[in-house]
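Colleague: In numbering that gives the first Met the number 0, the protein residues as written are 0 to 407.
Read the hints as simulated data drawn from the structure, not as lab findings. If you're wondering where the values come from, they're calculated on a predicted model, not measured in any experiment. C-beta: ideal position from N, C-alpha, C; glycine also. Among the hints, a few may not be true.
[Stated by the list, open to error] DSSO-like cross-link-like pairs, simulated, lysine-lysine; straight-line CA separation at most 30 Å:
#, residue 1, residue 2
1, 185, 98
2, 157, 339
3, 197, 381
4, 185, 196
5, 381, 339
[As the list claims (entries may be wrong)] Just the calculated beta-carbon pair ranges, DEER-fashion:
#, residue 1, residue 2, range
6, 162, 42, 38 to 48 Å
7, 69, 370, 41 to 51 Å
8, 103, 379, 40 to 50 Å
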Amino acid sequence: MSNRRSYQRPYFSPTRYKYDESFEAQYFVYNTIGGAEFGAWIDAGSRNNGYNEGDVIENSAYVSEDILRRVLHQTDDTIDYDSFDKAGNTTDGTLDGWKFFGVIYEIEDSRDLLERLCAQCKSKLFRDADGMFSFFVYNTSASISYTDYKFDKDNTIKNLTLCRTSISDCVNTVRINYMFDRGSGKYQRQTFTECIKKFSGSLTAEAIDITEYEWTVDDGTDFANDDYILTGHELNRIQSIAANVLTLYHTAGGGTERDQYQSSIATTHADNTPIYILTTNSDDGTGSADQAAADELEAMESSWRYGINNEFTLDCDFIIDDTTAQNLRNHYFDYLKSPKYIVEFDTFMNATDLVVNDIIEFDDSIMDNYVKFGGASWSGKKFVVTNLTRRGTMEHHVIAEHLSTDFL
């Protein structure tokens, strides 16, 4: 049931939360990550972030900025410090409360270190259109940053394609290893959301063919409405129970719109086939469950919809804080539990000020009459630009990803 994998995903995969490789690597010995003190740069100019010179640096965003300044000798002339303040400020920063701490004992490539730091705080460090170092945090509630106009197929784009990332890339078990003990070389804590199966105690009490959505089992009391059950490789959800008969949300049943998410082609099952119940488990790293029931339901929902049980594990050597580890776990779970919609289109010279990581939107008054977005309106849908290439003097090609944690 569980398939542990070395996870690779297009666009915002854990391996792409990384520092732009156009900058020449520098090697250094760096003693502390978190625990260093802010320099005068934190108070310079118009910065308003809740920190002062001499304060201890723990916030994830400012750890990266400190490395840029203190180790790579960057300055206000090369750092878009407003992007760091939007992430790290103590009022409404997207990473406010996230903490890093660690020690590096060996010579390390600065790019590798910055990439690792970004992966542990759902961020990207990149060069913007002006060549400045900029910090981007993945945030589904981000405001539209490209405000010149809304894109639409009549005026600003052509050659539009709309697709989803592969279902096989979905993940519904996420583990974050943290509190690294450098003496033993082991992680002391793990926070996780886990999708697992357990034997229900029941067997099928009849041979079942591919058209049936009412199954007789030997003990109906082993089940409850909305249980997700696994029989062989077929995953179904229980709609109702009458004595020892289970009525399933099934492709043959025609009962609800969720039938379309039947996770596998219905198969035959012999009499006395074991029935498993899909269940979840979570832990906050201290031995206590902390996720809401609705979040745990989504792990099972992901497995049921897509027929996939994949696991993603991330080792976080700069996190010792329980809350930070839990926030990171929740992000990766929300991001990986379902496919993402990807839009590609060509646009013209009037979008030359568009840059990677801009948040854009489309004009639903025009687009809804052209093509629906996953069967729904384009209204309120936000997209982050993940790739931008110039195809000629007058044309650019844009790839953008829908910002969402919903099942689509």
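Colleague: Hint by hint, work out which the structure violates, then give me just those numbers in ascending order.
Modeller: Going through the list in order, the structure violates hint 3 alone and respects the others.
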